[in-house]
Amino acid sequence: MREDNVVAKVIGKPIVKLIDVEIGYKNGETLVKIPDLEIFPGEIVAIAGPSGVGKTTLLRTIAGLVRSISGTVEVCGRVVPHRPKRGKLGYIPQKLGLVRHASVMHNVMLGANAGQKKEIIHRNKYIQMFSNSVLSLFPSTKAKRKSRDAIEKMRLTDKIGEPIRRLSGGQQRRVATARTLAQEPALILADEFLSELDDETMETVLRGVVTYVKNNNAALLVVEHDVSRAKTMADRLLVIDDGRINPFITEVTMIEVKV
Amino acid sequence: MITLKSKFISLSLILIMFSFSILNGMVDDWGRLSGGIENLFIFFGESLWPPDWSVLEPQNYPVCTTYPLFDFTCSTAWIGMTETIKIAFVSTIFGSIISLPISILAARNLSSLSLSYFARIVLAAARSLPSIIWAIFFVILVGFGPFSGVLAMTIYTVGYLGKLQYEAIEGMNNVPLESARSMGLSKIEIATGVVIPEMANSLISQMIFMFEYNVRHGTVIGIVGAGGIGYYINLYLKFLQYDKVISYLIIIFIVVLIIDFLSISARSYFNEEGDISKPSWWDLFIPKMKRVE
Chain A
1 MREDNVVAKV IGKPIVKLID VEIGYKNGET LVKIPDLEIF PGEIVAIAGP
51 SGVGKTTLLR TIAGLVRSIS GTVEVCGRVV PHRPKRGKLG YIPQKLGLVR
101 HASVMHNVML GANAGQKKEI IHRNKYIQMF SNSVLSLFPS TKAKRKSRDA
151 IEKMRLTDKI GEPIRRLSGG QQRRVATART LAQEPALILA DEFLSELDDE
201 TMETVLRGVV TYVKNNNAAL LVVEHDVSRA KTMADRLLVI DDGRINPFIT
251 EVTMIEVKV
Chain B
1001 MITLKSKFIS LSLILIMFSF SILNGMVDDW GRLSGGIENL FIFFGESLWP
1051 PDWSVLEPQN YPVCTTYPLF DFTCSTAWIG MTETIKIAFV STIFGSIISL
1101 PISILAARNL SSLSLSYFAR IVLAAARSLP SIIWAIFFVI LVGFGPFSGV
1151 LAMTIYTVGY LGKLQYEAIE GMNNVPLESA RSMGLSKIEI ATGVVIPEMA
1201 NSLISQMIFM FEYNVRHGTV IGIVGAGGIG YYINLYLKFL QYDKVISYLI
1251 IIFIVVLIID FLSISARSYF NEEGDISKPS WWDLFIPKMK RVE
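Chains as they are written, first to last, in the working numbering: chain A, 1 to 259; chain B, 1001 to 1293.
Below, a list of computed lysine-lysine pairs in the DSS-like style, where the Cα atoms sit at most 27 Å apart:
(1) B:Lys1187 - A:Lys26
(2) A:Lys142 - A:Lys85
(3) B:Lys1187 - A:Lys144
(4) A:Lys117 - B:Lys1187
(5) B:Lys1187 - A:Lys142
(6) A:Lys95 - B:Lys1187
(7) A:Lys125 - B:Lys1187
On the chain A side, residues computed to face chain B include the following (Cβ under 10 Å):
(8) Ile92
(9) Val99
(10) Thr180
(11) Gln183
Hints listed in this document are in silico derivations from the structure and should not be mistaken for laboratory results.
Ideal placement from N, C-alpha and C gives every residue a C-beta, glycine not left out.
Isolated chain A, as found in the complex:
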């Protein structure tokens, strides 16, 4: 089953590649074992499963925020702990991670800035790092345009100067999505990014992200506790089960479910 699916989608190298990865806590307690997972450009993969099973930890591991206990995690051609190139990875955490006291535009510009390549080459590593950092403080007009486009796509143009703390939960979620779209990453990691949204907002967010992924050959890995919703949007659905869904299994495994 899986082979057919992959063959249909394969365009180039996988964006995410996990080989024999064990994910868990710092004290060495394993949550999930993943023998093999590859995500290809243009693919939308959803991970579902009961709460506390390690879905978010898997996402954080791919984002490079947590180390895996063992195995190799490769993202955008670089093996973690080496980070992917600047702006290649977009991450929408469940708590969104927006700068609450700053405006919508400021937040989206952070993403657009991350997507901009600014490279001064210098033989001294530190001078190069420092000058690039200083240069990145000055956003280009292109970044500004990208931010405006993303904000418009998320239908937030009237809120462009509003601080985040004055927005509703759904509007904040749209800002986080706009930030990722303005960044134009090769891989989007989204943690329950459709939860607590009304139908109309969900439609806007989902359409924005899916269109971006399909048009730009990016990949989307989304964690979703609602299996039926995951089925509607994903090309592939992986379910992490610790025995709560299928009582016959003995260890935490990830199974691929037909969509």
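Given the coordinates of chain A, assemble chain B onto it according to the supplied hints.
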């Protein structure tokens, strides 16, 4: 059964008795205490009271060069107090400009272990000496006057404000930092784009608090010759004109009270939720209880 309450009472009693035993070791004659109260009344009645308000009148020295609107702006009290406030203001501004990058380096959630320890040692060194000791140091280096006061207070501000700032930064929500890091933003971008806007309210509120603190302490540094109203207090103390000293002290008390109030009102605009709750005059004496959320 030993309850928590009885434990608390017995522990308090032990601490109080322990303090008294230490005090007893330091005091050789308790009889001096009765003489002390008598002395206080004599001192207060003969030397301190009534205050000599001539300090609010124009003096021959310092020479008044401009023609002011009000006469008292040529008085030593006015000149000294405004100088103290000026020193406090300038050193708060410069101190916070210097301390902000150091505190970002000192915050463990933003920089590496070695860098943060280095930055913390710098801040601790600036903070370890009180501003009056720094003032003595700078009076020796650059001579008498408000300039040495500004330098002394700036260094102390860097140390004190830096500690407040890095503790606030370390306490900030981790999720915005994580998402910025995974996007690939550089450390300078994270500091300017995420940390400073997110912490702006508390940073400004700490700055205002520091200004208020510097005004209070700026009255002292003049005693060692570093400018401000303390210079005149020291002068009249030397000439044993205590009635003038008490009028300076009353003026300082009133000004500090006003600045305290202004500081509380200004900080109420920069509290965490950003909504405005104006304090009343009573809050100076009876602070408002914080709402538990």
